[in-house]
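**Q** Chain by chain, the residues:
Protein chains: 2
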Amino acid sequence: MQRYFVKNSQIIDNKVKLMDQDAHHISRVMRMKIGECLICCTEDGKVAKCEIQEITNDFVVAAIIKWLDEDKELPVFVTIAQGLPKSDKLEFIVQKGTEMGASCFLPFFASRSIVKWDEKKGRKKVERLEKIAKEAAEQSHRTKIPIIKEPVGIHELIEESKSYTYKAVLYEEDAKLGEKSNLSSILSKLDSGDSLIAVIGPEGGLTEQEVSFLCQNGFIRCSLGKRILRTETAPLYFLAAVSYHTELLG
Amino acid sequence: MQRYFVKNSQIIDNKVKLMDQDAHHISRVMRMKIGECLICCTEDGKVAKCEIQEITNDFVVAAIIKWLDEDKELPVFVTIAQGLPKSDKLEFIVQKGTEMGASCFLPFFASRSIVKWDEKKGRKKVERLEKIAKEAAEQSHRTKIPIIKEPVGIHELIEESKSYTYKAVLYEEDAKLGEKSNLSSILSKLDSGDSLIAVIGPEGGLTEQEVSFLCQNGFIRCSLGKRILRTETAPLYFLAAVSYHTELLG
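Chains as they are written, first to last, in my numbering: chain A, 1 to 250; chain B, 1 to 250.
By construction, these hints were calculated from the structure, which means they are not laboratory data.
Note that beta-carbon positions come from the ideal geometry of N, C-alpha and C, so glycine has one too.
Mixed in with the good hints, there may be bad ones.
[Said to hold, decoys possible] Here are the simulated BS3-like pairs of lysine-lysine, each with C-alpha atoms no more than 30 Å apart in a straight line:
1. B:Lys89 <-> A:Lys131
2. A:Lys89 <-> B:Lys89
3. A:Lys89 <-> A:Lys66
4. A:Lys180 <-> B:Lys134
5. B:Lys49 <-> B:Lys72
6. A:Lys86 <-> B:Lys134
7. B:Lys121 <-> B:Lys144
8. A:Lys17 <-> B:Lys176
9. A:Lys189 <-> B:Lys189
10. A:Lys180 <-> B:Lys180
11. A:Lys189 <-> B:Lys162
12. B:Lys180 <-> A:Lys134
13. A:Lys176 <-> B:Lys131
14. B:Lys131 <-> B:Lys121
[Claimed, not checked] Computed far set for chain B versus chain A, every beta-carbon distance over 10 Å:
15. His25
16. Arg31
17. Met32
18. Glu36
19. Gln53
20. Leu68
21. Phe77
22. Glu99
23. Met100
24. Cys104
25. Ser111
26. Lys124
27. Ser185
28. Arg230
Model the full assembly from the supplied sequences, consistent with the hints where possible.
**A** This is how it looks when you write it as structure tokens:
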């Protein structure tokens, strides 16, 4: 069933008022009719089955007929701290990372990031990433939309990381040296409700200085298997490993 | 160090003759000079450090100075049997799947595949995918290039699957129903040298009939966590889980 994320303010008297792109999607793209059902996810992650009662040019009203007990989120809050990559790779990472269950994306200016982040255009970029995250969350049947943060410097990143239960830095040089137990060691310790932040370098990788600085601040160096992954592939491997370990491994 | 895949016939008297795109890449793109070193990987997965001895307009000759003991491949042979997806998704799957360690890609015509596969253009498409696999293998420092097969029907796919140690069908309906132990159960049994084939549906998913038919032929239904993954994301999750379980999990 098609699902839509709605703000709590859109719910009044057990009815949801869907507007703008969502209303357009329901009436024009999906061509749904009165009496048909859809799923609405609220800001606090609750999920309701709703029946369409009214369709106008501007909005759609759907009555909540049942609250569902859905559990589609990773048991831990995972933030991907991504060294700003080139071109549209951040969009790719947000889309696929959302499908794989990330809770937050925090881009940062790494030493080897060569992308400029224009303050004015920056807000628009974040909005575009938020839209991608919302659509990917709907498509993958999640109950929460990941948070997209504006890019920060490494000092702010470290400040931000202090609230996390576990901190990992994914470093390809460690893969070359054969490090292989740190990631599974972290994932084995995770309890439901914990938070985990993973730092990933941009195209040229992290510098040895950045890695040292992160490690001085509580980050654990982890490799992701024996092969060298592209910057946009590493977060997906990481998220799949988190899901596999916490959701599927007996 | 830059690496190149060479055929055994290119090695004579402990010297490697690199031609065409590789020669162009060495002399024009990387602008390497005589005396500089590169890595050559042979067809049987052996890896040599070589020193450039001669650069002409047509070829580059490099002397083998040392055979290296590299182990960059997954301990198991993994084939991604991918229901033919739309547009350039197969290219994406081959590129990222190669980074993640797949040994073979076998596209198949699923009931819900809507792509036409033109016999004449088909060979060109396979060649293009082979080029993508070769470049991704070089970039990720693998020692083997994955095999790209031409698309088959489901009966041929089942015939082909008979030689594999383990067979999995990744089915999103099982994720919705909460199945979660089958994948880890298969991965726990894997021994080094085993082979594993995973069937993944196209955009619309596999039909219940296809899944039943595969299961009658020894495939095990597996879910990939609680979220619904796009067709091009599922093989990456699967490969990351195989790598994580076989290479990193203690």
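**Q** If a hint holds in the structure, say so; if it doesn't, say that too.
**A** So, going through the hints one by one against the coordinates:
{"no.": "1", "hint": "B:Lys89 <-> A:Lys131", "verdict": "holds, 21 Å"}
{"no.": "2", "hint": "A:Lys89 <-> B:Lys89", "verdict": "holds, 15 Å"}
{"no.": "3", "hint": "A:Lys89 <-> A:Lys66", "verdict": "violated, 39 Å"}
{"no.": "4", "hint": "A:Lys180 <-> B:Lys134", "verdict": "holds, 26 Å"}
{"no.": "5", "hint": "B:Lys49 <-> B:Lys72", "verdict": "holds, 15 Å"}
{"no.": "6", "hint": "A:Lys86 <-> B:Lys134", "verdict": "holds, 23 Å"}
{"no.": "7", "hint": "B:Lys121 <-> B:Lys144", "verdict": "holds, 26 Å"}
{"no.": "8", "hint": "A:Lys17 <-> B:Lys176", "verdict": "holds, 27 Å"}
{"no.": "9", "hint": "A:Lys189 <-> B:Lys189", "verdict": "holds, 24 Å"}
{"no.": "10", "hint": "A:Lys180 <-> B:Lys180", "verdict": "holds, 25 Å"}
{"no.": "11", "hint": "A:Lys189 <-> B:Lys162", "verdict": "violated, 39 Å"}
{"no.": "12", "hint": "B:Lys180 <-> A:Lys134", "verdict": "holds, 26 Å"}
{"no.": "13", "hint": "A:Lys176 <-> B:Lys131", "verdict": "holds, 25 Å"}
{"no.": "14", "hint": "B:Lys131 <-> B:Lys121", "verdict": "holds, 16 Å"}
{"no.": "15", "hint": "His25", "verdict": "holds, 18 Å"}
{"no.": "16", "hint": "Arg31", "verdict": "holds, 18 Å"}
{"no.": "17", "hint": "Met32", "verdict": "holds, 19 Å"}
{"no.": "18", "hint": "Glu36", "verdict": "holds, 20 Å"}
{"no.": "19", "hint": "Gln53", "verdict": "holds, 27 Å"}
{"no.": "20", "hint": "Leu68", "verdict": "holds, 12 Å"}
{"no.": "21", "hint": "Phe77", "verdict": "holds, 15 Å"}
{"no.": "22", "hint": "Glu99", "verdict": "violated, 5 Å"}
{"no.": "23", "hint": "Met100", "verdict": "violated, 7 Å"}
{"no.": "24", "hint": "Cys104", "verdict": "holds, 16 Å"}
{"no.": "25", "hint": "Ser111", "verdict": "holds, 21 Å"}
{"no.": "26", "hint": "Lys124", "verdict": "holds, 25 Å"}
{"no.": "27", "hint": "Ser185", "verdict": "violated, 8 Å"}
{"no.": "28", "hint": "Arg230", "verdict": "violated, 6 Å"}
Hint compliance for this structure: hints 3, 11, 22, 23, 27, 28 are not met, and every other hint is.
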